[in-house]
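**Student:** Listed here are the chains, written in short residue letters.
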Amino acid sequence: MHRIALMNPLREGLFRQRVPEPCAMVIFGATGDLARRKLVPAVYSLAYEGLLPPYFSLVGVAFNDLDIAGFRDEMKAAVKEFSRLKPINDTVFNSLADRMYFIKGDFNDPATYRELHSRLEMSDREHGTRGNRLFYLSTAPSLFASIAGNLKQNGLSGGQGWQRVVIEKPFGRDVASARELNSHLQRNFCEEEIFRIDHYLGKETVQNILVLRFANGIFEPIWRNQFIDHVQITVAETLGVGRRAGYYEEAGALRDMMQNHMMQLLALITMEPPINLQAEHIRNEKVKVLESIRPLGEKEIRSQTVRGQYARGYIDGKLAAGYREEDGIAQQSKTETFACVKMFIDNWRWSGVPFYLRHGKRLAKSGTEISICFKKSPGILFNASDSETPVDHNVLTIRVQPDEGISLRMEAKAPGQILQIQSVKMDFRFGSEFAGASPEAYERLLLDAMIGDATLFIRHDEAEQSWRFFDPVLASWRDESARFLPTYAAGTWGPPEAEQLLQNDDRDWRRL
Amino acid sequence: MSNSEVISHTASSERTIDTAVSHACLSNFIVFTEDPDDEAFINETIPQYVIKHPCRVILIFARPRQSESKLEQSIHSHNYRGLSGRSATCDQITLRASGSGVKETASAVQSLLVPDLPINLWWRGMFLNQMPLVDQMLTFADRFIYDGTHWTNLHYTVRQVSDCIERYQSKVGFTNFNWARLRPWRDCTADFFDLGLFPEDVWKINRVRIEFMSLPGNEEGFQYRSLLYLSWLAVQLEWTPVRGMPGTDRAQIEFTNKLGEVVDAELILVPQSNGAGQSLQKVVLGIESATRKQEFIIEREHKGRMMILSCCDEKGPTELRKVPHSDSTVADLLYRELGRRVRNRVFEKTFKMAANLLQMV
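Protein sequences, first through last, are from chains G and B.
The numbering used here numbers the first residue of the first sequence as 1 and each following residue consecutively.
The numbering used here numbers the first residue of the second sequence as 1 and each following residue consecutively.
Hints were generated in silico from the structure; no laboratory data involved.
Remember, predicted model here, so these are calculated numbers, not experimental data.
Yeah, the Cβ is synthetic: ideal placement off N, Cα and C, and Gly gets one too.
Incorrect hints may have been included.
[As the list claims (entries may be wrong)] Here are the in silico distance ranges between beta carbons for each label pair: (1) L85/G with E254/B: 49 to 59 angstroms; (2) K303/B with S177/G: 52 to 62 angstroms; (3) Q401/G with K352/B: 40 to 50 angstroms; (4) E49/G with K171/B: 28 to 38 angstroms.
[Stated by the list, open to error] No farther apart than 30 angstroms at their CA atoms in a straight line, the calculated lysine-lysine pairs in the BS3-like style are these: (5) K282/B with K86/G; (6) K86/G with K303/B; (7) K86/G with K76/G; (8) K349/B with K258/B; (9) K38/G with K365/G; (10) K425/G with K365/G; (11) K303/B with K80/G; (12) K86/G with K52/B; (13) K282/B with K303/B; (14) K38/G with K52/B; (15) K376/G with K413/G; (16) K52/B with K425/G; (17) K258/B with K80/G; (18) K76/G with K303/B.
[Unchecked claim] Covered, in the sense of this in silico footprint (three residues per stretch, anywhere, with C-beta under 8 angstroms from a C-beta of chain G), are these stretches of chain B: (19) 125-131; (20) 176-187; (21) 190-203; (22) 343-356.
Produce the entire structure from the sequences given, and follow the hints as far as they go.
**Tutor:** In structure tokens form, the structure reads like this:
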């Protein structure tokens, strides 16, 4: 980013400092849900904001029976339906559509790649894309390795210009498969060219974690075990599996959410300050802290993890079906829809501080938040065991969604003749204080990938390290699956065992 | 109403508001005007601005020529629904000052400020008329916003403003809307010279042609905006002005670049195309040598509200892209400019260069 800014003296002082080089973007699975809902609308937003390079083209690859005109029409319909910028600007879209192409083909067939090769060479000539390629694999993960291999074998990587490949989670389903995937990818692209996307990292509030921690002098000195009692990270959803039954049966709550998004939140909250904001330094610090997480043995897995599956219940006054009643779910399914884990980070900063991670579907309320619960003040003045004025923890809460913001709970004297202490909340809400529209996570991430800024993407060792922690848990749950899987009624906060996990430590889950 | 009453009113209004409404405030925003005809415009603009940037607004409606000396205060709240759908509110305090009461407004304002938050001062109209009051306000303001579009007698005015900026720039950030409105033009100009396009050519530019339109009677102001654009190029590309040929319809300035080569620039007033065209219409940056001719063109297309970027060489023109462009509202400009916390050094250098170039045209 700085390199580009410095090379162009006219960029000094302008808001738009980050400008990608000319490039062609190739979307494998271009007619799929992700491409239609997120990727192409994000590309349109970038074009509308003038953030795409002037020399750009987009090539969709899919198995559908479409020609270029049909593809352009489909993409226009998708942008109309899903873009945050409405109504769409026809001039901008048409100018983008003129540079959109479609290749019908099988992702395993070399002929598809030969056709793609000639299409991209044509793009270089017609649209000045200069050999720079961004390959977005919006496909089933089982195709990642084969597509990467085919790209290499057909001369689509390692050529003139830069070539980058973006892949979506899941990055494997355990350490072994993550390693295998990484090694397949790395045989065809070098690590700097592989962008593993986690759309959570594109959210403004998540990016704000680093600003909160390192741009505010008051937090960093107390961001450690002397002052922090424990940390809770909750990702709660009221939704069920919806149309993702096939995927979810294979994945479950832990693989779907905890191993990736929640571990990224944990890493950002707990990492040491990087020496600067360059991608490698931030990712080094994240890996270090992930490596410091204490592994769980069989005994700890029993005492520090809880899983569950939702049964029929009421959400917002409406009856919600149980998991096993959902379309596409096996009657005897043992897939967890709720997971919570207590973990420790064995480093100087976090020694002895428990981290409680909780995620579930069909819970009472939707919301993602990180709560830093500080130690209580010494029980001398207000907090003695016989005191009539007990005081509570101070809690700093970072709300990731919805209603993004930060709040601090603290104690205050209620007005009156007697001493009565009550908890009050200082609240900052992005939606009230900053009213400008935020870009969608995918806009930010696509732009970063075009620029080559990997800060908000996951490096291979982050993914592997995270699996290393969860592999024994998954193995144990798999063995245990024949025996017992707690259930919880939809619209509650998970199985009673989850409450018990914290009560054993004399703590409670925060109510969202 | 006294200041203390105003403050207690503010506090009590927060308390009685429904708990679902949050009070939002990111800065203090002081607006000063002495033009009675300006009130309607300000009253229309402020709500648009506070929705984007919640702040405590302190409006000063000054009537210095009235004989009666008065300073009255009133308060009301702006309620709006933020992006999250939640209701939020922020305060507006209005001071009406007349006669010698106008001189007291700086001290009245100070006790109404929300502590610890940035203080932005937007001066409507020509501030040189009220320099003693401006001097008082600039002792506590962090940002000073003004609009040079409608200035007259530019040779004198720009020099005075330049002196003022020089005096305060170490602690106050200055923003001129005449400059802020050039942002889309600067963005588009920079687009040509990013990595992967024509990064080397930026240093080879030796022809600049800027075409602008003016509303009748305001030719001087719009020529000045074009001059600001040219000054920006000159500062960023390290051109030294050599000589100028004045003229309202067509002015020419000769520079030398850092290699000592000549750069010719011209500012051309073009006839109105739609009766309301104003500001820059077309910029052509050219490279002309014995071996090469290349032009980088930015053009404003009114019908589609687009900025069109194109290149032209011996082979002919190539359109690079179209970017939507509509004239920014004042609320948009305020939001964008006040979002910047650091001093705008590019503007400061440009303004100084423009003051020099003005002497040539």
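**Student:** Confirm or reject each hint.
**Tutor:** Structure-based check of all given hints:
The supplied range of 49 to 59 angstroms is broken by L85/G and E254/B, whose beta-carbon atoms lie about 44 angstroms from each other. Hint check: K303/B to S177/G, Cβ distance near 56 angstroms, so the stated range 52 to 62 angstroms holds. Between Q401/G and K352/B the C-beta distance comes to about 47 angstroms, which sits within the given range of 40 to 50 angstroms. The hinted window of 28 to 38 angstroms between E49/G and K171/B holds, with their beta carbons roughly 34 angstroms apart.
Restraint check for K282/B and K86/G: satisfied, since their Cα atoms lie roughly 29 angstroms apart, inside the 30 angstroms limit. For the hint pairing K86/G with K303/B, the CA-to-CA distance comes to about 19 angstroms; that is within 30 angstroms, so the pair holds. Between the alpha carbons of K86/G and K76/G the distance comes to roughly 12 angstroms, so the proposed pair stays at or under 30 angstroms and holds. Distance restraint check for K349/B and K258/B: the Cα-Cα separation of roughly 17 angstroms lies within the 30 angstroms cut-off, and the hinted pair is therefore satisfied.
At roughly 25 angstroms between alpha-carbon atoms, K38/G and K365/G fall within 30 angstroms of each other, so this suggested pair holds. For the suggested pair K425/G and K365/G, the alpha carbons sit about 20 angstroms apart, so the restraint of at most 30 angstroms is met. With a CA separation close to 22 angstroms, the supplied pair K303/B and K80/G stays within the 30 angstroms bound. Taken as a hint, the K86/G and K52/B pair is honoured in the structure, with Cα atoms around 19 angstroms apart against an allowance of 30 angstroms.
Distance restraint check for K282/B and K303/B: the Cα-Cα separation of roughly 15 angstroms lies within the 30 angstroms cut-off, and the hinted pair is therefore satisfied. About 26 angstroms separates the Cα atoms of K38/G and K52/B, which keeps this hinted pair within 30 angstroms; it holds. Using a Cα cut-off of 30 angstroms, the hinted pair K376/G and K413/G holds, with the two alpha carbons roughly 16 angstroms apart. Between the alpha carbons of K52/B and K425/G the distance comes to roughly 24 angstroms, so the proposed pair stays at or under 30 angstroms and holds.
This hinted pair does not check out: K258/B and K80/G have alpha carbons roughly 49 angstroms apart, beyond 30 angstroms. Only pairs whose Cα atoms come within 30 angstroms are accepted, and K76/G paired with K303/B is accepted, the gap being roughly 22 angstroms. Counting residues of the segment 125-131 of chain B whose beta carbon lies closer than 8 angstroms to any beta carbon of chain G gives 0, which falls short of the minimum of three for the stated coverage. By the rule of at least three residues with a Cβ nearer than 8 angstroms to a Cβ of chain G, the coverage given for the segment 176-187 of chain B holds, with 3 such residues.
Here the segment 190-203 of chain B counts 9 residues with a CB under 8 angstroms from a CB of chain G, which clears the bar of 3, and the coverage holds. A count of 4 residues in the segment 343-356 of chain B with a Cβ less than 8 angstroms from any Cβ of chain G is obtained; the coverage claim is therefore met, three being the minimum.
In the structure shown, a violation is registered for the earlier hints numbered 1, 17, 19, in ascending order.
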